[in-house]
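Asks: Using the hints provided, position chain Z relative to the given structure of chain L.
Sequences listed follow chains L and Z, in order.
Heads up: the first sequence begins at 1 in UniProt numbering, then just goes up one per residue.
Heads up: the second sequence begins at 1 in UniProt numbering, then just goes up one per residue.
A hint or two may mislead.
Said to hold, decoys possible - Pairwise CB distance ranges (calculated):
1. Z:Ala336 x L:Lys287: 32 to 42 Å
2. L:Lys172 x Z:Leu218: 43 to 53 Å
3. L:Gly355 x Z:Leu85: 51 to 61 Å
4. L:Leu85 x Z:Lys143: 22 to 32 Å
5. Z:Ala67 x L:Glu205: 57 to 67 Å
6. L:Gly222 x Z:Arg88: 38 to 48 Å
7. L:Glu66 x Z:Val301: 26 to 36 Å
8. L:His300 x Z:Lys143: 56 to 66 Å
Said to hold, decoys possible - Using 30 Å as the maximum straight-line C-alpha spacing, the simulated DSSO-like pairs for lysine-lysine come out as follows:
9. L:Lys178 x Z:Lys324
10. L:Lys143 x L:Lys354
11. Z:Lys324 x L:Lys208
12. Z:Lys299 x L:Lys299
13. L:Lys143 x L:Lys337
14. Z:Lys143 x L:Lys299
15. L:Lys299 x L:Lys324
16. Z:Lys45 x L:Lys287
17. L:Lys208 x L:Lys141
18. Z:Lys178 x Z:Lys340
19. L:Lys45 x Z:Lys287
20. L:Lys329 x L:Lys96
In case anyone wonders, no lab produced these hints; they're calculated from the structure.
A virtual CB, placed ideally from N, CA and C, is assigned to each residue, including glycine.
2 protein chains.
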Amino acid sequence: MAENQTLTIRFGIIGCAEIARKVSRGIALAPNATVVAVASRDVEKARRFIAVNALPEDTVAHGSYEALLDDESVDAVYLPLPTSLHVRWAVAAAEKGKHVLLEKPTALCVADLDGILGACEANGVQFMDSTMWMHHPRTAKMKELLSNSDLFGQLRSINSIFTFSANQEFLKNDIRVKPDLDALGALGDLGWYCIRAILWAVDYELPKTAVALRGSVLNEVGVIMACGSSLIWEDGKVATFHCSFLGNLTMELSVLGSKGTLHLGDFVIPYEESSAAFSFASNSGFKELVTGWNPLPSKHVVMTELPQETRMVGEFARLVSSIKSSGSKPESSWPAKTRKTQLVLDAVKASIDKGFEPVEIGS
Amino acid sequence: MAENQTLTIRFGIIGCAEIARKVSRGIALAPNATVVAVASRDVEKARRFIAVNALPEDTVAHGSYEALLDDESVDAVYLPLPTSLHVRWAVAAAEKGKHVLLEKPTALCVADLDGILGACEANGVQFMDSTMWMHHPRTAKMKELLSNSDLFGQLRSINSIFTFSANQEFLKNDIRVKPDLDALGALGDLGWYCIRAILWAVDYELPKTAVALRGSVLNEVGVIMACGSSLIWEDGKVATFHCSFLGNLTMELSVLGSKGTLHLGDFVIPYEESSAAFSFASNSGFKELVTGWNPLPSKHVVMTELPQETRMVGEFARLVSSIKSSGSKPESSWPAKTRKTQLVLDAVKASIDKGFEPVEIGS
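One chain only, chain L, in its complex shape (with noise of 0.2 Å):
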């Protein structure tokens, strides 16, 4: 096989949760990649989200998750199941060979995720979590000015708010809300987000200490429904969060420097799929006699002909294609990303289960 030859990834999906369905359009839409495999603990079901979701008619429905992970035409997994399943399954892919595509939160504790990483490292196989908007365009836009010394100076401070508001049915029945399925609840889900969205930020620096914010919402069974928390660097830089299962949908990022300011309410999911927006504020002041701002803040759209998820996944399968192709070694820096957003979320979760204490964040 020639080397650096372009490879359309076969990809497999394990479960058939509704995101699923978005990621299955995302790696349709994607130039390198297809969807040939999808598996259900009950194949009717599988068959039901291929027909469905308009993949391949060729696609094949696995009535079991081992037969899909001993299907030889599959190159890689996408993991969309609950969390407390992910160590089992994902490791189980990277045994049979699989590159892995894990849906986050990625695990229930970092030690639960080093399984995962462990085996994929050994068996030399890709990771990713899939985390949609690091593949943005608007990402790497917004990384450039942050970068810019004179126009952001040295970051000082960082907030983020995801919420969304669940309805009875979610509170009661989704698999978010149950201690045996996704026991991170909001925190899993939605703050797993603005965890990353401040890694990102600081360039993945860990801060040393995470306090959680007094008022944590718990459901009756202890999955956490709502909580928040500040973040400590060394070097002086602060930051909060905020993520919630009872709020209306929300979710914001303000970065501030010491000369610019960020600030964008879609950070997650963009308002619209084929741009995305935010603002960008450098060396703000006021008009004599403070009578308004000069300069303004600007506003920047960035255009992207592919929505995120299939950015996401083309960078992936390129990576799968070239370790394919050419031998190349996995790409570190992705799961290397995973583990510090593991490691923030566990240390954030310890402080609330000690009464809001600070915890140090483990390396």
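Replies: What follows is chain Z alone, placed relative to chain L:
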């Protein structure tokens, strides 16, 4: 004198701080107020202030604060003095029967503020703090939406940020970095607005507890350069704020309800003087397959003929006129708002002083 006659209220300005320039213009633009006297400990400074700011030619320059308070042509004083001087001069003004418009932060602690408010009450004079944005018509429009339970639901959480990037001269010599002048530093200067915005959003229901956020920055003489706090209410509402002299000019307010989200980036000083905008989202959700939002947040624009400081002066003068012309009592809601702001500010300061321990908010 006929009842409800609208009088033109005659202001004396005590102290020639930079902010007094903006407020003296505000008074000049108010249809029911005028500046008649300016006092400085240096009479030449008062004369220059009158000339430079194009105040009426017959404005009297006083060479002492006492002289202005003895000036019978003065109905009301605007006091932009350093906070440490507020008790002395606000009390003296009240005792001379002058109505008091007091610059924020109003006092170094609630005990000092109570001295001021007690003197105002005892002497039947109106008290108001100079928090200008309270009087912008945008503020009323936002409150209307927050009060609409169909659109906003139940209030869940608030975040507020107010920072500006002080230059080296400020960090060395401004009164706001000096323990004997404005000892509350960034908390008093900027955090005041964040706390007021949070209280405004919850209809002035005091939080139960303040927990200052680790990572506050003090200068070498112990004055706060940057800090933040979380606030927690009995019923589960939560808020956070961050204020700093070390970050690019930023003033954000996000108020989240179970059904709605309010956001604006210029809550203290609108970007433009004649109109001000905010974003409001209600019952936000996603499009099919989460490819975007539906509905999108709406942008609301509120026009104002008069700048917010003029509206503030106009409201204050209207109350003073009512007292003078019809013998009505001073309006008690303004000092009540001030006092609650100061109570929360005191609790945040105490939490910082106690190493970020939770502090119950007094009453």
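Asks: What hints, given by number in increasing order, does this structure fail?
Replies: 3, 4, 6, 7, 8, 9, 10, 11 and 15
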